[in-house]
Structures are given as C-alpha cells and as structure tokens.
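Taken in order, these protein sequences are the chains called B and U. Under the numbering used here, the first residue of the first sequence carries the number 1, and numbering increases by one thereafter. Under the numbering used here, the first residue of the second sequence carries the number 1001, and numbering increases by one thereafter.
Hints are all accurate, no fakes.
Cross-link-like lysine-lysine pairs, in silico, BS3-like; alpha carbons within 30 Å at most:
id: 1; chain 1: U; residue 1: Lys1336; chain 2: B; residue 2: Lys104
id: 2; chain 1: B; residue 1: Lys232; chain 2: B; residue 2: Lys265
id: 3; chain 1: U; residue 1: Lys1275; chain 2: B; residue 2: Lys122
id: 4; chain 1: B; residue 1: Lys117; chain 2: B; residue 2: Lys137
id: 5; chain 1: U; residue 1: Lys1275; chain 2: B; residue 2: Lys434
id: 6; chain 1: U; residue 1: Lys1133; chain 2: B; residue 2: Lys244
id: 7; chain 1: U; residue 1: Lys1309; chain 2: B; residue 2: Lys406
id: 8; chain 1: B; residue 1: Lys460; chain 2: U; residue 2: Lys1107
id: 9; chain 1: B; residue 1: Lys127; chain 2: U; residue 2: Lys1275
id: 10; chain 1: U; residue 1: Lys1275; chain 2: B; residue 2: Lys21
id: 11; chain 1: U; residue 1: Lys1107; chain 2: B; residue 2: Lys475
id: 12; chain 1: U; residue 1: Lys1309; chain 2: B; residue 2: Lys244
id: 13; chain 1: U; residue 1: Lys1336; chain 2: U; residue 2: Lys1257
id: 14; chain 1: U; residue 1: Lys1275; chain 2: B; residue 2: Lys104
id: 15; chain 1: B; residue 1: Lys221; chain 2: B; residue 2: Lys51
id: 16; chain 1: U; residue 1: Lys1180; chain 2: B; residue 2: Lys21
id: 17; chain 1: U; residue 1: Lys1275; chain 2: B; residue 2: Lys169
id: 18; chain 1: B; residue 1: Lys114; chain 2: B; residue 2: Lys133
id: 19; chain 1: B; residue 1: Lys114; chain 2: B; residue 2: Lys138
id: 20; chain 1: B; residue 1: Lys434; chain 2: U; residue 2: Lys1107
id: 21; chain 1: B; residue 1: Lys51; chain 2: U; residue 2: Lys1223
If you're looking for bench data, these hints aren't it; they were derived computationally from the structure.
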Amino acid sequence: MEDKERTGISDRIWNFFASVKLTVVILIILPLISIIGTIVEQQADQATNIKLLTKFFGDSAAPAVYNIFVKLGFMDMYRSWWFLGILILFSINLIVCSLERIPKVLRVINNPIKPLKENVIKTLPVKKELSIKADLKKVRDEILNRLTASRYRVFESTEEDSVQLYSQKGKYTRMGVYIVHLSILLIFVGAIIGARFGFRGFLNLGEGEYSTVAYARKGGKIEKIPLNFVIKCNWYNTEYYYGKDTPREFQSELVIIDGGREVKKKVIEVNSPLKYKGITFYQSSYGMLEDAIGTFILEVTPKGGQGSILRLKLGESFEIPGTNVKGIIVDFSPALGRNPETGALTTYAETMVNPAVAIEFDEPGKKKFKGWILKRYSETGVLPDGSQINFLDYWGVEYTGLQVVKDPGVGIIYLACIIMTLGLYVSFFMSHKKFWIRLAPDTSGGKGYVKIIFGGTASKNRLSFEREIDRILSKASRAIEGSTQRSAGAEGIKK
Amino acid sequence: MSSSAFFVISELSYFLAIAVYISYIAFRKNSIGVIATSITVFGFLNQSIALIIRWVDSYHYWLVSNPASTFIESLLRGAPLRNLYESLVFFVWSIILFYLIMEFRYKNRSLGAFVLPVAALALAFIDISGTQKEIQPLIPALQSNWLLFHVLLSFLGYAAFAVSFGAAIAYLVMVTESRKETSYIFWSIIVGIFAVILIAMGVDFFSLSAAQREELIQSHFLKASFRSSSGGIVAISWVASIAFIFTIWHFGLGLKKMLAGLALTPNMLDDITYKSITVGFPLFTLGGLLMGAIWANSAWGTYWSWDPKETWSLITWFVYALFIHARFRAGWRGKKTAILAVIGFIAVIFTYLGVNLVLSGLHAYGS
Ligand code: HEM
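One chain only, chain U, in its complex shape (with noise of 0.2 Å):
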C-alpha cells in the first residue's frame, strides 16, 4: 500500500476516536475509552508506517538527482519535514505521541476528547487547504541539517503546546461558572473563532474548482466569505459567524455539567498544561529559535533579522516565558495561567500559518 493509503487511514481512526472519546465521558463505561485508546493507538501506528513509507520515497526522490549523495545524507534530505503538508502531518503525529505519553501517564483517557480535536483541527487543515502534497525538489536553502533540525524540534514542541492548549481550554471550560465571566467568555470565543475560521475555510474548498483548490491557502483563503468581493456576502459571514459564536457562548456551561464527575480534575488538568509547557518550551527555545537562528546564519549570514516569522516566534516564545515566570515567581494559577497557555499557542499558530496567510497577504494584495 502506499503512504497516502496508511494516512487516510490513521486520518478516519482519529476522527472516529474522537467520537469515541466523546461518547466514553458521556457514558463514563471503561470499555469505551479503552475502545478509544485502541483507535488512536491503531491509527498512530497507520500514520507511522505512512511517514515510513513517505521517507523512504524521498530519499529515492533525493538519490535520483543527487546519485553522488551518501546514505545518510540522502536519509537527512529525504526525511518528510521538506514543506508545509508534511510538517503539519509531522504536527499531528506528535500530538498524538505526546497525548499517549500523557494518557498513559496520568492514566486518565478523557483528556483525549480535548487533545484529539486539535489534532483534527490540523488534518482538517491539511485536507481542506489543499497544500502540495507531491514529493518536490528541495531548493537550495532548504538542504541543511540545521534546517532539519530545526523544524523537527520545532514540532515537537508544538505537539507540546497543544496538549497544553487542549488541557488549558478543557481546565477553563470546568472552573468557569457563569456565563459573564471573563474567562468563560475567553474561551466561548476562542473555540468560536476556530470553529467559524475552519467552517470558512469548508465554504472556500466547496466553492472552488479541484484545481483551484490546491491554491486554497495561497489565493483564495476566506475569498468565498470574510474576504469575498461582495460586500453582502462580507456582512452575511460576520452575522452568521457572530450569531454562531454568541450560541457557544450560550450553551457551553452545558460542556461543563459533562465534564463533571469525571476522573479528570482541574488540578490534574493544571498539572497536564504546566507539564507539556515545560517539555514545550526547551524544545521550542533549542529548535524554534535557536537552530532557526543558526540555520538562517549559515545560510545568509544573519542569525536574526526581525523578519516577521522570526518575530513572531520570540513572540510566542516571550508567552510561554510570561507562562513559566507567571506561575513560578509572580504566583498566578489556574484560569489566568490556562489563559496564558491559550494564548501561547494562538501565537504558536499565528507563527506557523498566520505569518504566511495574514501577514503576506496583507502586504501582497493590491499591489
């Protein structure tokens, strides 16, 4: 079978894992969640044979025009990290490699209902954008080992990140009590706008032709609703995006009467956001920032040059440092950490995809 054949599959046993995941904190059966446990497990074991399978390609993709090239140096360029699609399917993988870890660990499987939907997040990403997936040449920038390194550390402190993000939100959605309090309305609204931003990007795929679609990201990302030449269609999305945002709001404390009861405690859930920051945040200062900076210095002779990716990952990297500081020294806890840890990985995201959709865009369109 070939790559794309294991990914779909891991792909449908996450999704069905979330459903099942969901449905075991509803019925609280043990059964169930070991049910969903096996999912995911099956599907993370898919998805690693898929890399496997795309590494391998590669690295004959590599040797094919670079015969002269020795085994491991083929093996390093070869290694799926090489764009866009397969960093965010590497993302995924290591979210769930590190949720295991953490299931395993704190022997508590309803944390999953939270965790696994980021990760879904990222596949519905991947699918919908239509990001290139073919094996492409690597331009001369890109063959290095920092640059390897660098991405692949990276990752794997985002996978961090949003088993901290999905914990943190899991932690505001039980303590908050009322519908008025700041926290609550924080994270209505943040589960709102990801939800609204994924559900236009959905509207965007269908509008478009297949061959169209492959340029999703790069040209017509919100052009069928928030960016779209017709100003009714503009005020129609903010209306139908605000009334859905406003229903969140208004049925969420019902998320909280599920959760109660269950094994999964906010003190277990403060320890899981603090814990997965703080193998997060050494992984991302070595990789994010400090390979990043060598790489670039190798590559162009400048370790640092503001530009505005390298900005946004010291800004994120500023986040999670307030995180640490925060809660150490200035003796914050619990909702106004699990804020932080939110906004953390909105920054993480901004970084990742922002800094190319928004940011380029902005400075793109019109000229």
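This is chain B alone, in the form it adopts within the complex (with noise of 0.2 Å):
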C-alpha cells in the first residue's frame, strides 16, 4: 500500500527506468550512434582520419575537427565514457523494467484457471459453437480424451445440467522475453569479466624460437605479459592448392614446456587454435624474420631405396644414397615463377608463395646440371636417373604470428548465446494457450442435442492455435456422430 502512495524523488527515477518508453529512446539513439564509429575508423592513427574528414570537412578544417572529435572520444568511441554510459543506463532500463514486471507476470502464471460464464466465453478471441446430436456425457468423454491426447490437462466443473472443460497449456512461455533479456545482461557481464582478468596480446615466434612471455599494446606502449610456462614454435608453413597461389592453410606447429617437460604439442591452424592454462594461442599471421640463414631439409630418395632426410645450409653438398651422384645446393628462391613476357625465371614475391631450391648436380664423367626444385610441386624433383627429392622446408626463416588471448569470460558469453536462442524460442514461437469448453443441451434446436461453445486464448499465434482447436473438435465430432450412428442403426433393427 504506502509503495503505491509514495510520489517521491526515488519513485520516480524508477518509473523513469521502468519505461518502456526509456527503451524506445535507446533504442533509437544506440543505433544511431553506433554509426559515427563504422565511418570513423577506430583506434586508426592520426593520419588516416584526417585524410577522411578531409573528405567531409576540406583541407583547412579537417585538423580541428579532428581534435573536435577526439576529445569526444570519437576516435575510440565503442570504450568511451559516453558510450559505456549508454550502455548502462541501458542494462538498468533491462533490469528494473523486467524487476517490475516479472512479479505481475508471475501473478498470470500461478493464478489457477477457473470456469468462466457462458456470455463471457463467447467473448474470448478464438471461439467456435457447434452443435451435435448425442449424449451430454458422450461428447464430455470424447472431448476429454481427445484433449488429454493432446497433452492438455484438463479441469471440470459441473453445473446444473452443463458441463464446462477448461484447461492451459504453456504458461511459463510467459517468461520467455525475461530469459532473453537475462541473456543480454550475461553477455555485458561476460564482456566486463573478459576486460577486467583476461587480456588480448600477440607474440611473433621465428621458427625454432620459444618465448616465456606475449605482448600487449596499452596507450601507445607495448607491454609483457608473463605466461609462466615455455611456448616454442617449432615450425611455421603456409598449404596452399594445388596450382595456384591462394593459401589452403596456415599452419604452425606449437610446443608447451612447462615445470621443464613438454606438455603439450599441437599444430595449430586458422580455426583450431591451442589451449593451455586458460591462455589460447590463435594463428594469425606470418613472415619473414630479417636477416635469417636458413635450413634446406630434403628427402632423398634413390631409385628403389629409403628415404633420408638431410638438412643442409647454402653451398652444402650430399650425395645421393647407393649412387655416385653429388648434389650442391647453389640457390633458392621464395618465390619461383616466369616473367610472363619473357619467359625468363624470376622471384616474383618476399614472402614464401612458392619456395624453390636450385641444386647443382654432379656425376663423374657426365655434365654437370643444376635444377630448380620447387616446394609445392614435387614432380619437380625426380631426377634421370629416377631417385626424387623432395624439398620439404626451408627451416628458420619464417616466422609464426599468434594472436594470444585470456579471455576467462568467454564461457559466460556462450552460455548467453545459448540462453538467448532458447529464450527467442520461447517468446516467438510458443504461447501460452488457454481454453473454454462449455457443453449443454441445446434448447434451440431439436431434442437430443449438445451445444458446444468453445472460447480461448492464446498470447502468439493465434493462426496455429485455432488449427489446432479445429482439428480436436472436428475429430470428437467426427467420432461422436459416427458411434451415434451406429447405435442408431442398431435400434433401428431392434424395432
């Protein structure tokens, strides 16, 4: 009673953040806010934006209206003040809208249905009247059972000489929109957790390197981050298909050391990042470390024999198991491809698009020859004589960037995503479905006959729920007026 009466200052500011109106204007205003930061480009150095707003503003103003904006935080607009701001005024809209509503909703839900008047049935929404020829008692039982089979539990109540059937099914679905908006309030409690004990870093790792420690950007400066434990990086390689110079696959081949014992090995690729102590190790990109000398590591394969691996620096030289063959390695190229006009070879990229090794080979009394042997293809590595090579690394020149990230609420934000699709579920496609069934002897028509007046409600789609009424009734009449009949006949032949 006195919260009713008070008018206060307290009051108030709940009825202001109990609105729905409050949220309309959110709703509106969020949106369009949101799209300052997808024209400006966030966290962008200086350079990039006022190219932009020279755009929008010309030369001589872009400089100040660039100051203008990042004093408004514009420049990193989704962490400002103003925006984290919204954002809360927001989550309290959710939560003291819903705080006010769920106890009345409650109130819906655990009020018992009870046996409406007849005039007051024929006013629900979803109604339909029949009238059949049978037994008051027969058509109760049909109804009943057909309702039952629809899962329905059904209440009764008599009355002189009626009958009503009511029931409800679905009334928690009620609470359907309150699930989806705890889901929305998880995912902001997920993301705080995230920002406040997790962290997001990187680490290049060359191959063959290990690091104890990952990197982080805060305000311009780079910062370590401690992983307490080892993570080597014991190669990286890029797959690409076959024929053409779109990667398949980036791959890097990771090691956790930790209290002095590997614990943990594991390739890594785009999509199937490694995990260990909450810390995950995404792959994220590549290149080449400076000034590195690298290992060739080849195969070699005599006609007919084993396999070796051998792995050799530049001006290095093997000879081929069983045979008299010496090869030397004099060359290589990142990337080995044809001037397309004068067909001459070329290296046609930095990075390691398509690796060839070039190998002078050398047998007593015959010519020497040198070959390109090219990673990706290995038909380039047989030799006359029929033993192959295969150019498997150049080892040590690559490196391996990943993506290093502790994000400990990551869990609360996939059980938010499995809230809410439940919760949507709930609210768009279930309802909450109540219903009146009143049988009486029909006065108006003929003697021996039951009137059926049905009366309901349903809080979604009303379409299905009449279908669904149709198809209980129309199968009871079906099925009363068909044992009618029989009985019918049968005292028929009686007479």
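Two chains, two separate frames, one set of hints: put the complex together.
This is how it looks when you write it as structure tokens:
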C-alpha cells in the first residue's frame, strides 16, 4: 500500500527506468550513434582519419574537426565513457523494467484457471460453436479424451445440466522475454569479466624460437605479459591450393614446456587454436625473419631405395645414397615464377609463396646440370636416373604471428548465446494457450442435441492455436457422430 | 544441363512472374494469379536444381584439393554459400521460399507484386555487379562450420526481412493519402533511391568493357555517374536522379488506386510485416550475431571487435528490436512500424553490401 502512495523522487527515478519509452529512446539512440564509429576509423593513426575528414570538411577544417572528435572520444568511441554510459543506462533499464514486470507475470502464471460464464466465453478471441446430436456424457468423454491425448491437463466443473472443460498450456512461456533480457545482461557480464581479468596480446615466434611472455599494446606502449610457461614454435608453414597462390591453410607446430617438461604439442591452424592454462594461441599472421639464414630440409630417395632426411645450408653438398651423384645447393628463391613476357625465371615475391631450391648435380664422367626443385610441386624433384628429391622446407626464416588471448568471460558469453537462443524460441514460437469449453443441452435445436461453446486465448500465434482446436473438435465430433449413427442403426433393427 | 543454365531459367521465370503478378493486380483475374504462382514455383524448382548442382560441383572441387576430407566435411565445405555471388543467389532463393509460404498461408497472391521485385533487385545486382561467379578455393578463415551456419541462418533471416520490407512498402502505398504526408514522401523517396542506384549501376555496367565488369563492385561502383571524375557528369547524375525521384513522388498515388479494392488489406500487410519480422529476428539473432561471434572467436580469439561489419549487424539488430518493442509495448502501429520495417531492411542491405562498398571505399581511395 505504502509503495503505491509514494510519489517521491526515488519513485520517479524508478518509473523513469522502468518505462519502455526509455527503451525505445535508447534503441533509437544506440544505432544512430554507433554509425559514427563505423565511418571514423577506430583506434587508427592520426593521418588516416585526418585524410578521411578532409573528404567531408575540406583541407583547412579537417585538423580542427579531428581534434574535436578526439575530445569527444569518437576515435575510440566504443570504449568511451559516454558510450559505456549508454550501455549502463540500457542495462539498468532492462533490469528495472524486468523487475517491475516479472512479479506481475508470475501472478498471471500462478493464477489458477477458473470456469467462466457462458457470455464471457463467447467474447474470447478464438471461438467456435457447434451442435451435435448425442448424449452429453458421451460428448464430454470424447472431447476430454482428445484433449488429454494432445497433452492438455483438463479441469472440469459441473453446474446443473451443463459441463465446463477448461485448461491451459504453456503458461511459463510468458517468461521467455525475460530469458532473452537476462541473456543480454549475461553478455555484458561476460564482456566485463573478459576485460577485467583477461588480456589480448600477440607474439611473433620464429621457427625454432621460444618465449615466456606475450606482448600487448597499452596506450601506445608495448607491454610484456608473463605466461608462466614456455611456448615454442617448431615450424611455420603455408599450404597452397595446387597450382594457385591461394592459401589453403596457415599452420604452425607449437610446443608448450611447463616445469621443464614438454606437456603439449599441436599443429595449430586458423579455426583450430591451442589452449593451455586458460590462454589460447591463435594462428593470426606470418612473415619472414630479417637476415635469417635458413636450413634446407631435403628428403632424398634413390630409385628403389629408402628415403633419408638431410639438413643443409646454402653451398653445402650431399650424395644420393647408393649412387655417386653429388648435389650442391647453389641458390634459393622464396617465390619462383616465370616472367610472363620473357619466360625467364624470376622471384616474384618476398614471402615464401613458391619456395624453390637450385641444386647442381655432378656425376663423374657426366656433364654437370642444375635444376630447380619446388617445394609445392614434388614432381620437379624427379631426377633423370629415377631418384627423387623432395624439398620439404627452408626452415628458420619464417615466423608465426600468434594472437594470445586470455578471456575468462568467454564461457559466460557462450552460455548467454544458448540462453538467448532458448529465450527467443520460447518468446517467438511458443505461446500461452487457455480455453474453456461449455457443454449443455441445446435448447434451440431439436431434442437430444448438445451445444458446444468454445472460447480461448493465445498469447502468440493465434492462427495455429485455432487450427489445433479445429482439428481436435472436428475429430471429436466425427467420432461422436460415427458412434451415434451406429447405435441409432442398431436401435432401428431392434424395432 | 549446367547449374548456370537452370539458374538463368529461374531468373527469367522470376522476372516474368513479376509482370504476371502486376497484371493480376491490374486485371484481377484469378486465372492470372494462378499462372503467376505457377511461374514462381517453376522458377523456384529450377533454382533449387541449380543450387544442388552447384553444391555437387563445389563438393568435388573441395575434394580435389582435400582428398583426405570426410564426406560430411566435404559436403559442408562445398555448401554454396562461399562468397558474395553464392550468398546473394541463396538470398534470392530464400526470399522466394519465404514468399511462397506466405502466399500459401494467407491465400493471397497480390503481395507477389511487392516481394518478387526485392528478389529481382538482388538478381539484377548479381548480374550487373559482375561478382565472381566461378567456384573458388576457400581461404583458411572461411573453412569453418560456424561460418557456414552463420551465413545460412543470416540469409534466411534476411529473406524474412525482405518479405517484411515488401509488405511494409505495400502497406505504406495503401494507407498514405496525400503527397504531403511524411510517410508518403518516405516511401516514394526510398523506392526512388533503390531505382536510382540500380540504374546507376546499369550505367556503370554498359560503360565498362567485359573484363572491367568483373571488378564493377570493387573498383567501378557508380564511377560512371555520381562518382565520376568529371564534375559535369556528377551534376547531371544528381539532377536526373532528383527529377526521377520527383516523378515517382508525383505519380505514386496512382499505385494506391491500383491496389484499392484488392483482397490485400492494410491489416493483412501489417500482419505479414510483423510475422516476417518475428521469424527473421530470431534467425538473424542466432545466425547473424551469435554464430558470427562464435566464429570470430574460434578464428581470431575475439568474439566482438566493433569492426564496421559487426557494428552494422548490431545496428540492424537494434532497429528490429526497436520494431518489436515499439509495437508490443509502446503501442506503435501502422505507418510508424512500417517505416521501421523499411529502415530495418535498409540496414540489412547496408550491413551486407554498404559496408564493403561505401565504407571501405571511404577508407581506401585517396590513399
Ligand atoms: C536490444 C536488446 C533487447 C532485445 C533483443 C529484447 C528482446 C525482447 C523480445 C524478443 C521481447 C518479446 C517481444 C514480444 O512479445 O514479441 C521483448 C519484450 C519486452 N522487452 Fe525487450 N529486448 C531488449 C531490450 C529491452 C530493454 C532494454 C528493455 C527495458 C525496459 C526491454 C523491455 C521489454 C519489455 C517490457 C517487453 C515486454 C514484456 C512483456 O510482454 O511482458 N527490452 N524484448
């Protein structure tokens, strides 16, 4: 009682936050304001955005506008205090609005369903009336059976000569929207936990290198983040589609060393990271190490013999086992191709798009010859005498770019996704259905008729509720009519 | 026959169906309506066959470079939702599917004259924009089941939004009374802008050589009109467009007369707008936002990074959330919610195409 009388300041604040008008206003403001951040490049360097602003405001005004935008926080707006402010307002609105309504909805849910007067039943949005020539008891039994078969828990009340069957289903679906709202709040909770207790860093590891830290950018500076274990990169590799320079997979083999022991080893790929002690390593980029001298890894297989792996530097030589053919590594190209005009061999990229090694072969009494062997095309490694040289890798010259993430909020985010999906399903595809069916002798029609008056409501999808009811009632009436005819026929014979 | 042959048949059927749906509205003969539906269904079957053939082709394409891949994996990696072209084609397919369901449920054919043009718009866009049509290898980030379901559900959601857009426009056409009314001005300008952009792309198309057409979207979008290097052409484009939109505004009331007296009622259109959104919203939330976030997290370790594309899908989501709350709780009805449905779909288009075309262009050129 006291609560309702109160019109003080706290009450007005409560009402402000509980209003759906505020929701509407927020849902208008949020999208409009979010647009700014999709036009102005976020967290970009000064030159990029001044160039952009020049297009709108001209050369002279752009730097001034830029400064204003920086002050307003537009350059990193999704993290600005006022954007977070709107999100907080939004959350308060959501919480207060739900707190205000949930008790009322619970009252509706817990309110037991009661029989209704005939004239009230007739005013309900879903209605049906029909008359059947049959015994009242039989009609009641048949309809009751059908309803029970459709999993309705039916209540019954009798009154003089009439019977009323009534029931409801799905009353808890009214909570669906609050499940959706809860999931939105959970997403905020997950995001806050992630921001507070997690980090987002990066780490570039050369082939064969290891590290005990990752790095993160913080306000223009680069900070070290200790990992408390050792991460090592065994190798990095880009796989390409055959005959094309379209990458098929970026892969690195990572090893975790903890307490002096190798505890985990995995080849990571995009969409398949490595996780250890809450920290996840994602394949995110790659590149060439500066001034690195690599090792050629070759697999040499004489005709009909066993293959062996060789590790060599530029200028070193080897012998093909079982023959007296000698090879010497004379050249390397990270991306060997042909010049489309002259047809001459060239190196067309700095990165290892199409690595090739040049080997000069020397067999006593024969002419020396030089051949290029391409890593991506093993058929280039078949020698005239039938032996095979596979160029497996030029190791030690590439690094793998890892995204290093610790986000203890992710689990909550995933949970929120599941809850939101359930909540949306309940709120949009399920409904709270209630109905009353009154059965009474039909006074207007002939003797022996039963009048069925149906009235019902559905919180959603009224059309499908109507169809369901139509189906139940028509099945029931057909069954009743069928059996009445049969018994009427039997009576006829008796006469 | 090849996939593209079936696709061309379906495309022609849809364009023909629009004409027949419009004649149905004009002449109000039931038989014409039946023909319109039959042509649409025929087109739909052809497109379904085209999709299946393409799926089989890309299944084999994937298997060639990934012989160790299992049957299921190859089937998923081959699903024809792998690039702009395929997703637009699937979008058209979903619009038609969704429309046919609506036509069946509401036993009303006139809506076809409004929804099929949205599909036709997408088809015209596919043809003019010269998007890459060949089956291409999948780069690593795209080899993900989350991504696949993300695209699949998003486009089913978009198709439902497209139907709500058609119904909302039809609603606005039917209920606006005078040229001075805000809602009338709104719909005539929106329809005008759609037409102008498509015509401008047509101009791009015909001003380019066959080889350049492949790059229309990336490098030549509106370069023959609004974004031309010649100031004169830019000026002419603006004047012509404004004149064109003015014409639509001036003669638009005639459309209303055509629709008056049809079985199509504003109430039914309002209902279809809302029903489509209640189907589209959960699909888009689950597919567009949640699965997109899960995919991003599994590929890069960030489920949300506020990049323009993500932000625009969030904007779209807010607009439809606004529609739902405004209609249910704030008691908005009729014109206001119809306008929201139109804005929502514009946000959808912007999310899918605008971010790549307009925003990235903004950042790219001049540098
Ligand atoms: C963008 C985030 C939001 C989403 C996705 C969302 C989703 C929904 C959905 C799906 C419904 C059910 C609509 C229907 O009955 O068909 C709903 C209803 C509702 N929402 Fe939200 N909502 C959001 C934010 C909010 C906020 C911030 C408030 C704060 C006041 C709010 C208040 C309500 C209310 C009062 C209802 C009606 C519940 C009832 O019928 O008892 N919503 N919302």
